[in-house]
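J.: Chains as they are written, first to last, in this note's numbering: chain X, -4 to 232; chain Z, 3 to 184.
If you're looking for bench data, these hints aren't it; they were derived computationally from the structure.
Among the hints, erroneous ones may be present.
[Unchecked claim] Output of the computed footprint for chain X on chain Z, the stretches with three or more beta carbons under 8 Å from beta carbons of chain X:
#, segment
1, 39 to 50
2, 68 to 81
3, 88 to 102
[Stated by the list, open to error] One side only, chain X facing chain Z, incomplete, derived with CB under 8 Å:
#, residue
4, L48
5, L52
6, L56
7, V203
8, V210
9, L215
10, S217
Since this is a predicted model, take the numbers as computed values, not measurements.
Where is the CB? At the ideal position from N, CA and C, for every residue including glycine.
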Amino acid sequence: MDSSNVFQLQSNILFWLIIALFAWQGYQRGLMAELLKLGFIVAGFFIGRPDMLGATLVKALNGFWLALQFLIHGGLAAIATGNFNADTLSQIFDEIGKLPPLVPRNSAEMAMFLAMLFLIALGYLASKFIKPTLPGLGLVAGAFNGFFLSYIFLPKLPKDLPFEITDQSVTGIFKQLVAFSIYALELILTIIGRLLRFMFSIFGDWTVPLLLLLVVVLILSSIKPTKKKNSNGGGGG
Amino acid sequence: MGPFEYLWLTLFIIFICIAFVRKYPKELGTTTLIFVALFLITYVGMPKLPKVLNDLSSQFLETPLSQRDMQHLLATIFSLTFVGIVFSSYAGQTFSFKGKPVGGARGFIYNLLVGVMNGYLIAGTLWFFQDYYQYPITDFHLLYLPLTPVGEQIANFLPPYVVPPAYLAILVAIMLLFRVRK
């Protein structure tokens, strides 16, 4: 089997697996949860595309960042004191004009992709709080969500196979598995590296402290309190 | 022995493995104590101790310590103190977060995240004491310099270089709030 056919086969298998997985989840969570998730996926889809809402989002983020910098660099004091003379304002604008934008031009695509991932994850989390209803329709809606996500993510997979599937013997399959594991590990490290570089380009020296805070809060909030047993026996009577 | 970053990487991986064995609620107790230790050492110890040691040396040895001796002494004291605090957080009755950890893939990711965080904090802080005091350990020919280009890059992001002491105090406060809530 040549490399392009194997890739096509893998993509098809992955496509149906994603749909099956999401259909099953839709069945468990119900229609309303899946519709909510769909809303977030659609929003994420629009925001992830520069020709749709992506470019607007980046402009908005940079705009808010500039406004915040204006307030930090003396704008707030000017508003509070009413000192709105031309010199003060031009001095503030001179200062903030030298600052880099929150999302630089070369990181815009990554920012849109992350915003899309964030919205999809948010939809997934929000759907957990909805009481399951209409499981049958939930299954259909879940399958549709899976289809939509496949449409978004499958084209982003690399076209070249990381290894050749030619040797069908046990040793050959083992070697292919090792090659695939190494490839997957490298891919994960590359993604983490790119994300870190992107975060450093935005937050600079504050990246590590912010990551620590994020990890601590995320994990601490996941610990569920254990139920205390009532040792008084409820008062009796 | 070998390049410095290999030791760092080994320690880092060991702490990831420990996190998988102990699970993240217990490991977060260690994280809290690491933050406390880092705060005390960077906010109080590092600015004050050199003067105290110099005064003691002048008083009892009647000569001030040489710069290299001071670097050796400070790196050793801070490393031992830090290791002692970390060890106490692992041994005996430990400080941990009560509650039920999540299982499955989420549990795996959380264990991994906490392991990476603790590995970075512990191995990174021990490396920091060497880096800040110009690698006193190399005088014993246990590890050698120069650092590889990757090592040079990592050395810029060692915990006390990038996390200010006040921020550590805030992290400890947040963690204690969660501990009380639980």
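J.: Now tell me, hint by hint, if it's right for this structure.
T.: Against the structure, the hints:
| no. | hint | result |
| --- | --- | --- |
| 1 | 39 to 50 | violated (count 0) |
| 2 | 68 to 81 | violated (count 0) |
| 3 | 88 to 102 | holds (count 4) |
| 4 | L48 | violated, 30 Å |
| 5 | L52 | violated, 27 Å |
| 6 | L56 | violated, 24 Å |
| 7 | V203 | holds, 4 Å |
| 8 | V210 | holds, 5 Å |
| 9 | L215 | holds, 4 Å |
| 10 | S217 | holds, 6 Å |
Figure legend: structure checked against the earlier numbered hints; hints not met, in rising order: 1, 2, 4, 5, 6.
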